[in-house]
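Mapping of the sequence shown onto my numbering: residues 7 to 181, in sequence order.
Since the hints were made in silico from the structure, they are not lab data.
Be careful, since some hints might not be right.
[To be verified] So the derived label-pair ranges between C-beta atoms look like this:
| no. | residue 1 | residue 2 | range |
| --- | --- | --- | --- |
| 1 | Glu-99 | Asp-78 | 41 to 47 Å |
| 2 | Asp-97 | Ala-63 | 34 to 40 Å |
| 3 | Asp-67 | Glu-172 | 26 to 32 Å |
We put the beta carbon where it would ideally sit given N, CA and C, even for glycine.
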Amino acid sequence: MSFTGSSQPRGRAGGRPGREHRASSSRSAARRGRGMRGTLFPDTVPARRSRAEKFDAAVLDAFAEIDRKWHDRLTKLDIAVDDVPKIRAVDPESVNWPPEVVAEGPVPLSRLVPAGVDTRGATTRARIVLFRRPLERRAHDSLELTDLVHDVLVEQVATYLGVTPEVVDPDTEDD
């Protein structure tokens, strides 16, 4: 006699006959002391940080170099990070971005938003918005990402100050 389907009792090899084998769930494993006992990585280990947190750290490091030299003129400037740009080219074939946008072809990498007044009538500060995902896609490793973020920030700070990128950072190369 043979059983088919789920009505057949499953025994374990070497186990008691007639006793069904049940896969352990995370709750039952934890209850019996076989589950995770803590976090996989402690907070101090770099592997613990998410990609967004690593990107934010790269932005802060890159901006720190610029801020040391230009701090007095950058006190009214904010730095922000968005995952993806909320602006897009109307015609990707022949896109002409304004000087406030640093882009690679039809993909914006950052944008300088000038100071102004919001919809409620409150004054807003000027800010540089870096777009994380397009910048990450163009870098092959963390060192290249740091360099790319630095170059974009130099270009945006130069636009904000009304000078050339070479004035903001003499080591900046023209591509």
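Consistency of the hints with the structure:
Look at Glu-99 against Asp-78: about 43 Å separates their beta carbons, and that is inside 41 to 47 Å. Checked against the hint of 34 to 40 Å, the pair Asp-97 and Ala-63 passes, with Cβ atoms roughly 36 Å apart. Remark: the range hint 26 to 32 Å for Asp-67 to Glu-172 is contradicted by a beta-carbon distance near 21 Å.
Violated hint for the displayed structure: number 3, the only one.
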